[in-house]
Amino acid sequence: MKKEDGKSSDGKIKTHLLADNITWRAYYVLNPSILSEGSTEEEAIINLKYGKWIKKPVMNTLEKEFAPYDESLELKALGFDEPCFATYDEDRNFELQDFLQTYETFPSHIVAAPTLSQAFRWFREKYNLLVGPFQSLDDKTYQVRDYYFEIGKVGNLNVIVSTDNFQTYEEAELACLRKLIEIVKSNKS
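Read left to right, the sequence shown gives residues 2 to 190 (this note's numbering).
Among these hints, one or two may not hold up.
Said to hold, decoys possible - Using C-beta positions, here's what the derived DEER-type ranges look like:
| no. | residue 1 | residue 2 | range |
| --- | --- | --- | --- |
| 1 | Ser109 | Lys141 | 49 to 59 Å |
| 2 | Ser137 | Lys65 | 19 to 29 Å |
| 3 | Asp139 | Asp99 | 19 to 29 Å |
| 4 | Thr142 | Tyr170 | 14 to 24 Å |
| 5 | Val155 | Pro108 | 19 to 29 Å |
| 6 | His110 | Tyr143 | 44 to 54 Å |
Calculated from the structure, these hints are not laboratory results.
Because the structure is a prediction, the values reported are computed rather than measured.
All C-beta atoms in this analysis are idealised placements derived from N, C-alpha and C, irrespective of residue type, glycine included.
Could you put the whole structure together from the sequences, leaning on the hints where they help?
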């Protein structure tokens, strides 16, 4: 039987209630098993605050959702200053933040780590560059052979550039981000 305060009758807080903050919600959506069942409210708050409940394999999986350090640094140089809930320190260590932050609130040695989706949206909104993922299929088996991205201008069907073909979607996605950075840097020169 549940009480109205969100706790079960044994006084344990339900894990889905811990996912209300946007930062914790992102973790929970990506992998609901990262929150421990049956924590008391006090234990849950301490574990959330200090990240004790995030297991290393889960953190590695979550980190893949964000732009890598070098690309995040390049984005900073291009003027990216959107709110992010992950950062890299000067030693390239990835860290999730307690709340969304911008460069105004970061110490100077911190680099914001946007999600890949956030970076692509920024390029679309700021530079009018649109990306589209594609897969190549084997002509005989119709199985996925490889992946690539095409980059174009919003409102224009012409393709500016297409990435090479890659074995995984993630490799193609990262190549696309690098190509977007290259395009903007060359246009600024």
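Hint check results:
1. Ser109 with Lys141: 49 to 59 Å: Holds - the Cβ-Cβ distance for Ser109 and Lys141, about 56 Å, lies within 49 to 59 Å.
2. Ser137 with Lys65: 19 to 29 Å: Given about 23 Å between the Cβ atoms, the range holds.
3. Asp139 with Asp99: 19 to 29 Å: Once the Cβ atoms are compared, 47 Å apart, the range 19 to 29 Å for Asp99 and Asp139 is violated.
4. Thr142 with Tyr170: 14 to 24 Å: holds, 19 Å
5. Val155 with Pro108: 19 to 29 Å: Once the Cβ atoms are compared, 35 Å apart, the range 19 to 29 Å for Pro108 and Val155 is violated.
6. His110 with Tyr143: 44 to 54 Å: The hint (44 to 54 Å, Cβ to Cβ) holds, given that His110 and Tyr143 are roughly 50 Å apart.
Hints 3 and 5 from the list above are not met by this structure, while the remaining hints are.
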